[in-house]
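A.B. asks: Assemble the whole structure, with the sequences as input and the hints as a guide.
So the sequences go chain by chain: A and B. Throughout the first sequence, residue numbering follows this note's numbering, covering 77 to 506 in sequence. Throughout the second sequence, residue numbering follows this note's numbering, covering 77 to 506 in sequence.
It is possible that part of the hints are untrue.
As the list makes no split between identical chains, a pair holds if one copy fits it or if it spans any two.
[What the hints assert, rightly or not] Listed next, the in silico BS3-like pairs over lysine-lysine satisfying Cα-Cα at most 25 Å (straight line):
(1) Lys315 to Lys139
(2) Lys423 to Lys140
(3) Lys144 to Lys259
(4) Lys281 to Lys197
(5) Lys202 to Lys215
(6) Lys154 to Lys315
(7) Lys238 to Lys432
(8) Lys139 to Lys423
(9) Lys381 to Lys504
(10) Lys275 to Lys504
(11) Lys78 to Lys470
(12) Lys454 to Lys432
(13) Lys378 to Lys503
(14) Lys288 to Lys215
(15) Lys78 to Lys259
(16) Lys503 to Lys381
(17) Lys504 to Lys378
(18) Lys504 to Lys287
Calculated directly from the structure, the hints in this document are not laboratory data.
Number of protein chains: 2
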Amino acid sequence: MKIVIVGGGAAGTRAAIEIRKRDRNSEILIINEKNYREYSPCGMPFVLSGDVKNFEALQTLDKKFYEKMKIGLILGKKVKNIDFQNKKVMYENTEMYYDKLILATGSYAFVPPIEGVDSEKIIVFKNIDDAKKIHEKMKRIKKAVVIGAGLVGLETAYAFVKNNINVTVVEMLDRVLPVMLDKDMAEIVKKHLENKGIKSYLNEKVLEIGKKVRTDTREIECDLVVISSGVRANTDLAKKLGIETNYGIKVNERMETNVKDVYACGDCVECTDFITGNPIMSQLATTAVRQAKVLAENITGKEAKFGPVLNTSITELFGLEIGSTGLIAERAEKEGIKVLTGKYRGKTKPEYMERKDIIVKILADEEGTILGSQIIGKALVGRMDAMCLAILNKMNVKNLANIEYCYAPPVSQEFEPMYLACDIAAKKLR
Amino acid sequence: MKIVIVGGGAAGTRAAIEIRKRDRNSEILIINEKNYREYSPCGMPFVLSGDVKNFEALQTLDKKFYEKMKIGLILGKKVKNIDFQNKKVMYENTEMYYDKLILATGSYAFVPPIEGVDSEKIIVFKNIDDAKKIHEKMKRIKKAVVIGAGLVGLETAYAFVKNNINVTVVEMLDRVLPVMLDKDMAEIVKKHLENKGIKSYLNEKVLEIGKKVRTDTREIECDLVVISSGVRANTDLAKKLGIETNYGIKVNERMETNVKDVYACGDCVECTDFITGNPIMSQLATTAVRQAKVLAENITGKEAKFGPVLNTSITELFGLEIGSTGLIAERAEKEGIKVLTGKYRGKTKPEYMERKDIIVKILADEEGTILGSQIIGKALVGRMDAMCLAILNKMNVKNLANIEYCYAPPVSQEFEPMYLACDIAAKKLR
Chain A
77 MKIVIVGGGA AGTRAAIEIR KRDRNSEILI INEKNYREYS PCGMPFVLSG
127 DVKNFEALQT LDKKFYEKMK IGLILGKKVK NIDFQNKKVM YENTEMYYDK
177 LILATGSYAF VPPIEGVDSE KIIVFKNIDD AKKIHEKMKR IKKAVVIGAG
227 LVGLETAYAF VKNNINVTVV EMLDRVLPVM LDKDMAEIVK KHLENKGIKS
277 YLNEKVLEIG KKVRTDTREI ECDLVVISSG VRANTDLAKK LGIETNYGIK
327 VNERMETNVK DVYACGDCVE CTDFITGNPI MSQLATTAVR QAKVLAENIT
377 GKEAKFGPVL NTSITELFGL EIGSTGLIAE RAEKEGIKVL TGKYRGKTKP
427 EYMERKDIIV KILADEEGTI LGSQIIGKAL VGRMDAMCLA ILNKMNVKNL
477 ANIEYCYAPP VSQEFEPMYL ACDIAAKKLR
Chain B
77 MKIVIVGGGA AGTRAAIEIR KRDRNSEILI INEKNYREYS PCGMPFVLSG
127 DVKNFEALQT LDKKFYEKMK IGLILGKKVK NIDFQNKKVM YENTEMYYDK
177 LILATGSYAF VPPIEGVDSE KIIVFKNIDD AKKIHEKMKR IKKAVVIGAG
227 LVGLETAYAF VKNNINVTVV EMLDRVLPVM LDKDMAEIVK KHLENKGIKS
277 YLNEKVLEIG KKVRTDTREI ECDLVVISSG VRANTDLAKK LGIETNYGIK
327 VNERMETNVK DVYACGDCVE CTDFITGNPI MSQLATTAVR QAKVLAENIT
377 GKEAKFGPVL NTSITELFGL EIGSTGLIAE RAEKEGIKVL TGKYRGKTKP
427 EYMERKDIIV KILADEEGTI LGSQIIGKAL VGRMDAMCLA ILNKMNVKNL
477 ANIEYCYAPP VSQEFEPMYL ACDIAAKKLR
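C.D. replies: Below you can see the structure in the form of structure tokens.
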């Protein structure tokens, strides 16, 4: 069997690896438009900040790994056409037969309509080439503006501060991390960032970038503008070929498109929202690798399903961890879902130990079924995963309010903050 | 209504608080045999180690708090008898009427049959008086032996090392933390402790304590012996009064004993094992406070149930966190449950970030239902809680192997170690 993968990012590369783990014999080939192997895009801001020593470190799979895994890699070639009838992928002057095809075409950066957006002082931050340009410029500049207060925008702003560069973030919406957080929680992050030297202007649209950045409210001087306003699914090829798309490429639970023997995974694919059942994008590395695994199972003759997502995400900015899973208030409102909330502000450990702040917010429906959780503080990794499991199991805040958890003074509180927040939400049920 | 609580530890005190939160008017009275208010016993080893400044810090509720909550407190009085017919509690020359009675009589230290166990150089470590004695002695001694490699034993050994005291742990069973860990996982902890200066002799019984500690294998010189060999439920009063007991006081889901209007909670109470349905003790602070809440709901006319337990527990020793929830191999074997396991040894973060080791072991039944999890590493708090939720929801390792989780390079790996361990277990299902 010959498996051709269009796209060599996290999704495409992981699909290749997962297939190889299950199938020693098939030919596996990745065709990547970019001229480089897979790297960790999530790590880019941390190279900029100096937390990671260089960009090469982000390329965790070396050439030998591909050779050892017998994964063919064609770099710098763009697939122009695919003949589904004859099962042929076309790039440059080459035609290549496939038995199974995987579209892992990823995403591109969304660029808001701003005058002067093609100016030299602007970098749209999406891939490692962009990151390298920012890295280069960082050595010479004093003031930067970041457009977009999403994860990457804030992580990039953090990197500027770490390089002693004055930075301002401009966000069109009314809060930072607008996809992850409700306004009350976002306000806490905003203040934390302010304390660390990141100014952010919210509810503000950038209109023009000339000598200065002109928003609908003010002008901001700067030497560099980084645009980080989210990503969109790369569906050009799919659309051209008549593959069904919506926000992204449509796939079934087996990661199959509507065309026989054509699969898709990663940023280019549309997911289903666990809470609402509606289509939603989930352009996370974790989603890509989980989809790749499901796809590999199905391609190699086993059975697996990719389920609806909660878009569980996390970051750390200046030592403060910020996590989110499931529904946030804004989306609940849009979907017409009435929610009740519970918010607990407390500490990570008993008062006699050295400890940090932790703030947990829980969203539940009117019956108490937990729908979402946002946490800001310390030691969040497992906590976000616990909240994710609670939502996926459709647990009730009443039940969670008195559920079992672990405690020891050096690591946690006698009362778990997640469940105290559930308790507060549960009280509103009565 | 008059509510009398026998016992002023975590369980009794929490019961009082939770009842008061729900009932402003009833009279609430705690009768405590000890001459002091509630403190955090879990914090004691960390006062000894110097992580907590003094013992007073462990008493997180001050006198004013009891006054403000209108919780009466009688200290240093032992309840000798209770007349269930006339609903009277008797102590010294006093008889006191109750409407509802709560037994929170706690536990006592188990002392193994050792010759010379009443010697001056021995301290049985259970309560704060014992801790203070150890604290006092620590200033003068050079060599200590701890009998028992459970949580408190190892935490005490840690405290000795922090005070530059040579320490040896002697454990009768074949591993450290025998209630929490399987042998392979315990071995990792043992080595870690060795590197930090704690010697431990396993499979070794202490026979006699004289000038030296004599085990069935060797003699060990020392200036102080701390016995920390587990606790047993304090059921003397209950038994004397004809209340049903087994390992501990028997209660139903509402925390009621077999006697009308008599409840019980905390270390003196027997629980049900979630996995096997058999009676099990759960002498954890978290169990006590969760039971207190259920009890308070029921006493104040609401409905709540206390469910079966997993005995989720955790500690940190020299920066290494150790957690456990649910079934361990030894108990599975005793119960005749065949288990399959998955063990993942990896890192907490991507290779380009500063990171620590993490080792996850998963136990599942032959259908793949997760039954237990042991983790050693960093950032375990939420992870243990996630594993606890997975078990309580009877999730399958096959499902967990590809479940959603959070990832960002500064805080976690692209692949979550918990679920990688589940994946390894799931592969054994095929």
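A.B. asks: Now tell me, hint by hint, if it's right for this structure.
C.D. replies: Evaluation of the provided hints:
1. With identical chains, the CA atoms of Lys315 and Lys139 are never at most 25 Å apart, being 32 Å at best within one copy and 72 Å at best between copies.
2. Taking the shortest Cα distances, Lys423 and Lys140 sit within 25 Å of each other only across copies (22 Å), while inside one copy they are farther apart (47 Å).
3. Within a single copy, Lys144 and Lys259 get their C-alpha atoms no closer than 49 Å, and across copies no closer than 35 Å, so neither meets the 25 Å cut-off.
4. In this assembly of identical chains, Lys281 and Lys197 lie within 25 Å of each other by CA distance solely inside one copy; the values are 18 Å within and 74 Å between copies.
5. When the C-alpha separation of Lys202 and Lys215 is checked against a cutoff of 25 Å, the pair qualifies only within one copy, where the shortest distance is 20 Å, while the shortest distance between copies is 60 Å.
6. In the homo-oligomer, the alpha carbons of Lys154 and Lys315 lie at most 25 Å apart inside one protomer (16 Å), although the nearest pairing across protomers, at 81 Å, exceeds that limit.
7. In the homo-oligomer, the alpha carbons of Lys238 and Lys432 lie at most 25 Å apart both inside one protomer (22 Å) and across protomers (24 Å), since each shortest distance falls under that limit.
8. Taking the closest pair of Cα atoms, Lys139 and Lys423 come within 25 Å of each other only across two copies (23 Å); inside a single copy the shortest separation is 46 Å, beyond that limit.
9. Taking the shortest alpha-carbon separations for Lys381 and Lys504, only the inter-copy value of 19 Å comes in at or below 25 Å, while the best intra-copy value is 36 Å.
10. In this homomeric assembly, Lys275 and Lys504 never come within 25 Å of each other (Cα to Cα): the closest approach is 36 Å inside a single copy and 53 Å across copies.
11. In the homo-oligomer, the alpha carbons of Lys78 and Lys470 never lie at most 25 Å apart, since the shortest distance is 41 Å inside one protomer and 39 Å across protomers.
12. Taking the shortest alpha-carbon separations for Lys454 and Lys432, both the intra-copy value of 7 Å and the inter-copy value of 16 Å come in at or below 25 Å.
13. Taking the shortest alpha-carbon separations for Lys378 and Lys503, only the inter-copy value of 13 Å comes in at or below 25 Å, while the best intra-copy value is 46 Å.
14. In the homo-oligomer, the alpha carbons of Lys288 and Lys215 lie at most 25 Å apart inside one protomer (20 Å), although the nearest pairing across protomers, at 67 Å, exceeds that limit.
15. In this homomeric assembly, Lys78 and Lys259 never come within 25 Å of each other (Cα to Cα): the closest approach is 50 Å inside a single copy and 46 Å across copies.
16. Taking identical chains as interchangeable, the C-alpha atoms of Lys503 and Lys381 lie at most 25 Å apart only when they sit on different chains, with a minimum of 16 Å there against 37 Å within one chain.
17. In this homomeric assembly, Lys504 and Lys378 come within 25 Å of each other (Cα to Cα) only across copies, at 15 Å, whereas the closest approach inside a single copy is 46 Å.
18. In the homo-oligomer, the alpha carbons of Lys504 and Lys287 never lie at most 25 Å apart, since the shortest distance is 53 Å inside one protomer and 63 Å across protomers.
Taken one by one, the earlier hints fail for this structure at numbers 1, 3, 10, 11, 15, 18, listed in ascending order.
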